[in-house]
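K.L.:
What follows is each chain in one-letter form.
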Amino acid sequence: MSPMLMNDKGFGGRSFRLLASLRLSVVVMVTIGAICASATFYEMRHGTPAVQRDVYQTSWFAFLLGLLGLNVLAAMVNRWPWSKHHVGFLAAHVGILLVLVGSVVSLYRGLDSNMALYEGETSDRVSLLEPSLQVHVPGLGVSGTFAVRFEKQPPRAGRELRFAVPGSDVVLVARDYAPHVEVTEAVTAAGPRRTLTPRPPPAKEARRQAAVLLQVEGAAARSEPVWVLWGERTGVAFGGEQASVAFRPPEAQLPFRVTLLRFNNEAYPGSRMAATYESTVRIDDPERGSFETLVAMNHPLHHRGYIFFQSSFVEGRPMISIFSVARAPGLPLVYLGTTLVGAGILWMFYVKPWLARRQGALALAAHSTRENRHEAQSADPQSLRA
Amino acid sequence: MKRSLLIPSLFALSLSGPLANPAVAGPELAPLRQLAIQDGGRVKPLDTFARELAKRVQGAKPFGFERVVGLEPTLWLLASHAAPERWQAEPILKVTHAGLRQAAALPAGRDRFSLQELAEHEGLRSAVAAVRTKLEHDEDLDPIDREVLELEATLAAYQGVLTGEGLRVVPHPDDPKAAWFSLADVHSPEAADIPQLGRVRALSDAMLLAYRAGDLPGVTTAARAFSGRLAELAPAVYPDAKQLRMEVHYNGLKPFRAAWVSYLAGFLALLASFPLASRWLKLAGYGALVAGFLLNSYGLVLRVLISGRPPVTNMYETIVFVAWGGVLFALVFEAVYKTHVFAACAGALGALALIIAEGVPIFDGAIAPLVPVLRDNMWLTVHVLTIMLGYAAFTLAMGIGHLNLGLYFFRPGDVVLFKRLSLFLYRALQVGTLFLAVGTLLGGVWASYSWGRFWGWDPKETWALIALLGYLAVLHGRFAGWIKDFGMAVGSILGYLLVLMAWYGVNYILGTGLHSYGFGSGGYWYVGSFVAFEALVIAAAALRRRSFMARPGPAATVAAQPAH
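Chains as they are written, first to last, in the working numbering: chain A, 1 to 386; chain B, 387 to 950.
Just so you know, these hints were derived from the structure itself, not from any lab.
Do not take every clue at face value.
[As the list claims (entries may be wrong)] Pairs of lysine-lysine residues, derived as DSBU-like cross-links and limited to a Cα-Cα distance of at most 35 Å, are as follows:
1. B:K668 to B:K563
2. A:K84 to B:K805
3. B:K724 to A:K84
4. B:K870 to A:K352
5. B:K520 to B:K640
6. A:K152 to B:K520
7. A:K352 to B:K805
8. B:K520 to B:K563
9. A:K84 to B:K870
10. B:K870 to A:K9
11. A:K352 to A:K9
12. B:K668 to B:K447
13. B:K724 to A:K352
Build out the structure end to end from the sequences listed, making use of the hints.
P.N.:
This is how it looks when you write it as structure tokens:
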């Protein structure tokens with residue numbers, strides 16, 4: 001950005017000055033604050049997934065954060081050419097930008113997933129957090145995964161959603177969707193039978209159990225429609241083939257395998273209060289070899305950019321340990337930003353005034369020295385040379 | 387049996403007067419108080435157990451007194467165990483919560499009940515059953531449901547004292563992680579086969595016999611022998627005598643109560659010193675303030691030594707720490723500016739904060755074990771301490787903001803003082819902003835370390851951000867010149883309401899999110915009246931200011947002055 005634009009009286013200059021203005025900063029800060037405040041109450045009513053979907057992960061919220069970032073950037077550019085007065089200001093505001101940029105990098109280049117292992121199990125797959133529909137027809141070599149957001153665009157009778165598997169004529173059709181179903185199981189002569197009955201959804205999304213009515217269609221054959229519960233996979237007959245459909249998070253592959261050797265949860269002596277839970281795991285990495293390590297609360301495992309956190313467990317025999325598996329490549333930027341924000345505020349509030357005072361004192365001292373020298377010179381020109 | 391019923395009740399009567407024998411509550415009982423007991427996931431002195439139970443049974447009393455029908459808590463415990471028939475009929479259980487009384491259909495007109503009465507009460511039983519059904523169906527509990535469960539747990543805890551099942555004072559000889567044996571276990575038929583327990587049984591019986599005979603020195607001697615035997619029984623498990631002594635010392639000293647008395651005295655002396663222009667009063671005020679600060683610090687150090695962790699793991703501790711931080715900042719500011727405004731403000735706020743921490747029953751001062759995510763983490767410590775120091779500075783700023791608004795009423799023409807106070811206010815806001823900004827980001831560092839993400843819009847972190855944005859808006863507005871001194875004063879108060887929401891509101895009003903280990907309920911009335919009071923203060927000051935601005939003269943310049 002050039003000084004030309006800053007002094008420009010036209011539209012470009014005017015919009016730049018608006019973008020760099022303190023007025024915009026205050027308006028954006030207050031707006032974000034107010035939205036976040038109401039979002040926390042929304043969360044209290046509807047639960048965390050709802051607030052994430054309806055507020056924090058929307059494009060308009062991203063726009064507001066982006067506007068804040070642009071505002072910070074423009075405010076810095078606007079002060080060009082920078083002098084040493086700007087050190088603190090620049091550090092703090094570059095820090096904010098770095099935190100924002102680092103978060104964006106982690107969002108787009110990172111990974112947020114879960115891995116559940118029972119004792120003795122080995123896996124190199126993690127499940128991501130967003131919902132998807134999956135179809136597999138092993139006999140035809142057909143396999144497809146489709147991200148879906150049924151809370152916003154549910155399929156209905158008469159308005160089904162069709163997902164064509166690329167490179168084949170197989171289409172996965174979502175015919176109907178129930179945000180909450182009640183599951184009842186009964187034993188019949190033909191074996192156990194499960195009935196799903198749509199029900200009004202409870203306010204908290206965590207309590208909901210969604211289901212989708214899926215059907216596999218091909219050029220020559222189509223399967224029976226089948227209700228699939230969230231998180232489950234069901235086999236269906238498709239022509240002469242055995243196919244499976246699933247409504248669950250997609251999986252991602254890790255470049256190494258993880259084996260849960262032992263899971264250990266301990267209570268405080270004489271109580272049922274959890275004191276710690278920890279997993280002993282073995283990592284088998286084709287490139288870096290094998291090793292055993294402990295993953296516990298506050299003791300995550302870092303391996304090749306992946307971070308394993310002990311997040312929870314399911315009581316039973318064998319125990320199931322649940323890890324959060326994350327990759328956050330923006331984290332170094334965020335940490336640097338954090339440091340800069342702290343250092344910048346410190347500089348603005350304390351170092352800069354101190355420097356100013358010192359400079360003032362030096363100037364005053366120089367001034368009085370000059371005055372004295374002046375008097376001395378006029379009185380005795382020789383003394384200066386001595 | 388007759389004898390055991392009669393003597394302790396006479397004994398209790400003799401102690402129930404206001405002038406209960408001071409020797410009884412004195413150091414002679416130390417060996418009894420310092421007996422270790424396993425309870426609530428940790429090992430603590432019997433003294434702590436008795437005080438906590440006394441608080442649960444009869445509700446928190448003003449000024450933190452814990453006597454039960456005039457009996458010192460540990461003695462009450464012993465009395466209860468020695469004469470269960472008498473004590474289960476004694477109306478000592480206080481039930482004040484209106485919603486709870488209604489839910490359990492308790493008789494109106496009195497709030498004290500005996501254990502027996504409550505345990506057999508049909509209404510309470512069905513209320514408990516209803517909550518249990520809710521729990522089984524994984525439904526959300528409302529605050530009254532939690533009160534019902536808490537009352538049920540209190541009844542069970544006291545019942546455990548009467549039967550001895552709750553008095554887990556005998557460590558497992560071999561297994562350091564095992565549950566300890568209770569006095570009931572020691573007397574059970576199965577224990578008869580364990581030779582190590584023989585002497586333990588004899589000594590605990592001796593203690594009770596001495597108590598029933600009214601022989602306090604005998605109780606002391608038996609308690610000393612008893613604890614000696616227990617330490618021998620499981621030397622690796624039994625806590626160090628020094629540790630137990632320290633905790634009993636902490637319980638008895640009540641350093642935070644002493645600190646608020648001291649802060650209050652300091653505040654009053656400093657306040658009086660302004661109009662009286664008395665140097666002595668000023669010195670006395672500073673003396674009291676510093677004494678309070680030392681007591682506050684000493685209490686925090688004791689808590690750290692007792693619990694082995696930083697003193698910011700629950701609401702009670704954070705309030706105590708914020709009081710400490712606020713006074714610390716005030717003393718630092720005093721060293722720089724040599725005004726007495728900071729000191730007076732800090733005295734008032736420190737006293738207020740500690741009175742709230744000690745006096746409001748929803749803030750539990752008990753030392754409890756930590757949930758796994760809070761254990762063993764440097765980032766947690768750093769991040770919470772930093773945020774709490776930010777809150778402390780904002781508390782100080784809020785106090786000065788009130789003084790500033792107060793000037794419109796009491797010294798409307800004093801422009802010099804107004805400007806000076808505004809500068810102080812700004813200084814406090816700067817400190818708060820620095821600590822809150824860094825603390826919030828460090829919270830992200832902790833979160834990325836413990837939960838796997840830097841920022842997840844969890845309500846606690848979101849509200850910390852909202853408070854920070856509020857203060858940043860005020861500081862940026864000041865920088866732009868839109869917000870002048872009056873606006874800063876108002877901003878320091880409005881911003882503090884955001885801090886309260888982040889600090890108290892997320893845990894007690896929203897009650898959702900990952901920070902759930904700190905959640906509780908209650909206190910809405912207090913906070914609601916505080917918010918209403920602040921709204922009144924601001925509105926009144928704004929009206930007052932308008933009338934001054936309209937009038938010509940020096941007063942109008944108060945608010946018309948440009949910002950620094």
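K.L.:
Hint by hint, note whether the structure agrees.
P.N.:
Results for each hint:
1. B:K668 to B:K563: 55 Å, violated
2. A:K84 to B:K805: 29 Å, holds
3. B:K724 to A:K84: 31 Å, holds
4. B:K870 to A:K352: Roughly 22 Å between the alpha carbons, so the hint for K870 (chain B) and K352 (chain A) holds.
5. B:K520 to B:K640: 39 Å, violated
6. A:K152 to B:K520: 31 Å, holds
7. A:K352 to B:K805: 22 Å, holds
8. B:K520 to B:K563: 33 Å, holds
9. A:K84 to B:K870: Cα-Cα ~27 Å, so holds.
10. B:K870 to A:K9: Roughly 30 Å between the alpha carbons, so the hint for K870 (chain B) and K9 (chain A) holds.
11. A:K352 to A:K9: Cα-Cα ~33 Å, so holds.
12. B:K668 to B:K447: 33 Å, holds
13. B:K724 to A:K352: 22 Å, holds
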